[in-house]
Amino acid sequence: MECQECHQNPATVHFAQVINGEKSEIHVCQQCAKDKGYVSQEEDAYSLHNLLSGLFNTGSNTMQQQSLRKQEETLQCDKCGMTYQQFARLGKFGCASCYHTFADHLNPLFRKVHSGNTLHEGKVPKRAGSNIYQRKKLRDLKVKLQQAIADEAFEDAAQIRDQIKSVEKSLHREEEGEDS
Amino acid sequence: MSLEQFMNEAISPWLKDDGPDSDIVMSSRVRLARNFEDTPFPLIAEEEQMDNILSFFKNEFNHQSYNQYKDFEFVRMADLNSTEKQVLVEKHLISPHLADKSKYGASLISKNEQVSIMVNEEDHIRAQLYFPGFQLEKALQEAFELDDWLETKINYAFDENRGYLTSCPTNVGTGLRASVMMHLPALALTRKINRMLPAINQLGLVVRGIYGEGSEAIGNIFQISNQITLGRSEEDIIEDLKGVVEKLIEHERHARTILLDQSSLELEDRVFRSYGILQHSRIIESKETAKCLSDVRLGIDLGFINNISKSILNELVVLTQPAFLQQYAKKMLTPNERDVFRASLIRERFTMEQKEEY
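Chains A and B are the protein sequences, given in the same order.
In terms of full-length UniProt numbering, the first sequence has 143 at position 143, counting the first letter as 1, and numbering is strictly consecutive.
In terms of full-length UniProt numbering, the second sequence has 196 at position 196, counting the first letter as 1, and numbering is strictly consecutive.
Among the hints, a few may not be true.
Listed next, the stretches of chain A that the computed footprint assigns to chain B, with coverage defined by at least 3 CB atoms under 8 Å from CB atoms of chain B [what the hints assert, rightly or not]: (1) 93–99; (2) 112–125; (3) 132–139.
Hints listed in this document are in silico derivations from the structure and should not be mistaken for laboratory results.
Quick reminder that beta carbons are idealized off the backbone N, C-alpha and C, glycines included.
Next up, chain B with everything else stripped away, as it sits in the complex (with noise of 0.2 Å):
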């Protein structure tokens, strides 16, 4: 059943694939808001109204398919406990906001994970897209007919001058908000990400961690979007946002390549050093975690480093998370005990990863 592969697998199956420069990008994400046209928004409707558009989601779309993606399912918040949220929240399938309203939120997810589309979160949808690597054109005609798939049974909020009508107006337009998730790992060594940061914001665009709003960049992690949604097409959006990131690439590679002519050795050690503590270690902590799958991560990229897949540690990367620690250890556990049991989980890992090259 797909709830339980939604909850035990760490890696969405979309993302076992690389996508293009995904040395650097790691995923792309196409996020469109919409709400119905006579309800009143999540944020004041009443119990029986969103209620209503629950039902509607689970006896329209429960179980359908459109194009490639199949098997929507229809998870209820109410309908799963706090580590349960936590590990979708993990995972990127639903956002915290969704998770903390639990009675009437719901996400309707496809089976390879690619596609989400949360209902009653502060817009009654919000369906996002996933790509690995580098892919916004795509996610964007993709999102178009996911939009098109949903709009032959809803008829939406929608003002010719204002188009898509959101609950807050940091949305309205558009309602698009699309982003790449970054590993800078040179940028941020380097320390040149932080000359770059103000003017990506001068760009309209925002930089964030890898959980969204409010959440730090752990890991090197950065997370890119478009902040302006009225006044500018969907595909003018997307082509701002892609020039600046091509112009990220192009920075991360060249620092890369000036780390590697200058400090070869020292970059050397820093990620074998990192890597001997993730396979080593007994206790570590999530801070040290991110930074060691990081340099690991680099490491490959390098060529320092070729006998482990990347995609163990975009795996390790969620798997190592508070919730779905907890999930997979199937109880409480104690910040300590999530540290130790951290460190064997990386381990035996790794060990597996190791095994399965013989």
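Just chain A, with the same shape it has in the complex (with noise of 0.2 Å):
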């Protein structure tokens, strides 16, 4: 069914109306339901980024929260100014140094979206440069070490020091080779 007020878009929001006890069904899409003021602008509690605002709000009150709620209420990015206070009202980021800024806070929020995940396992762009790639395969390393000793499996964590070992060589070569 499309909207019956812009005919462009489908109907999303239905409903009844009783005007003079003469009921008339309404059937309208969420654009017009705002334009119309068929509906509050409450109805965008439901919207994505309300959703996500929702999220930030982690309800412990531990003294780290405590002093990091404290901080959110003076946080601000330098290169497009955009609070923290904003951030969690919009779910959305001003610019990449909002990353930054807001690094201490992003955890909680990431964990909840992305299924416990904070760290990137994909690509990675070419520009950035091969020591990125060779950072997190150091990282990477580093953790199967720790699982090789834990699991006592010393023969793997052996062979996985080495690796460690010659990847961080080549690490070092390229950042010498980046100074000079």
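Hints are included, so try docking the two chains, each in its own frame, into the full complex.
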């Protein structure tokens, strides 16, 4: 069914209206429902960014949490000027730097949105240089090494340690190369 | 000229080919969200900054080509009227969000309409690729190539720990949204789909209607896509989605077999009634059209109907949308006029197809 106001979009808001005892059915799209005042701005309560902003409130009251919350009141991105409060309200970042400015506050949010994950595991841009790639490899190997030690798989651990050394060496070489 | 082609032909050239499992999977799509390193995201960027990005794309990529994708056409939203924008939305070449953001929005569309790169949408860059049928891996591989091509000229906003940085926290990391458009009439008819959707959601995937977020599944067409973009590699994300789609294909095929075994005549009756409505009605609403097209598509897949091609159904799905009808009629139409125009257009299309047979 299409929107009876704009006749462009599919009708997604359906309700009955009674005026002077006469009942009529209204079928409109989200935009027209808002424009015509059929729904208050509150209907946005179900939109993605509002659900997201609900996720910021962790509900925990430890000392650490309290001090973080205090910080949130004054936190502002140098680059684009977005405050943490704005970010929490919009559920959107203003620029790439916001990720660094709000870094200490983001893990709980990412964990909720991405099934517990907080770290990128995918593609790395070629321009970012191969050392990001190498550093990521190094990080993965160190996790693996800890696991091998915990499992008492010492032969594997020795192998992983050698791999770590070789990655560290090539990283070092690259960094020196960059400096020169 | 390409813009005219984008507007006039309902069916994108790439959709004319049949892909793997195309009896159930209509198309596969991969989208990558990317941003420029030093410019605020479109949400808060200043006009001059957005204009710079537009100029950059126009100068660097207009009428360029890479690999098999020839002749990218740069289309500024500000140069289109609202019907034209809506036509691009109905063809899935741009998002409704981009159509709304008229002033600094643009799209770079390849000649065969398989690739479209939206500029200044929620992110600076939303590059998407479509393939007919079930071809997620191929779509990812070519999206990576497209990404590398763009990256030769752009410094992306990227962080070692968080990956590709996006305006919305739901896209950060890979920036990847992979999705398939599936026709699941037998699962819908037997109501099994209602039981499967919650399980699909639990796997970190999301099911939507044909026009994405907030739209309903008209004509038994469902869009299934990944939700998680952080902490999993692109290959893993595709693998997860692929696994669930394979299961859905299996269940849909099984449900079709059971329907055929248990109520073949009823099914055949339903298919031909819908075929009759499409061929002969004088007034038809879009919802009924979608339902009938779904029945006829199923009828073709099951072998009840073999004198029409599935590609005209794909064409009619798009052609019978409101903006396309208006574009075709070359004037604004009231809802009633549209229902009449829609009916006559469908009749005409079927007659044309039958003539081509002889």
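Going through the hints against the structure:
Only when three residues or more bring their CB closer than 8 Å to a CB of chain B does the claim for the region 93–99 of chain A stand; here the count is 5, and the claim holds. With 13 residues having a beta carbon nearer than 8 Å to a beta carbon of chain B, the region 112–125 of chain A meets the requirement of three or more and the stated coverage holds. With a cut-off of 8 Å between beta carbons, the region 132–139 of chain A has 3 residues touching chain B; three or more are needed, and the interface restraint holds.
Violated hints for the displayed structure: none, as all numbered hints are satisfied.
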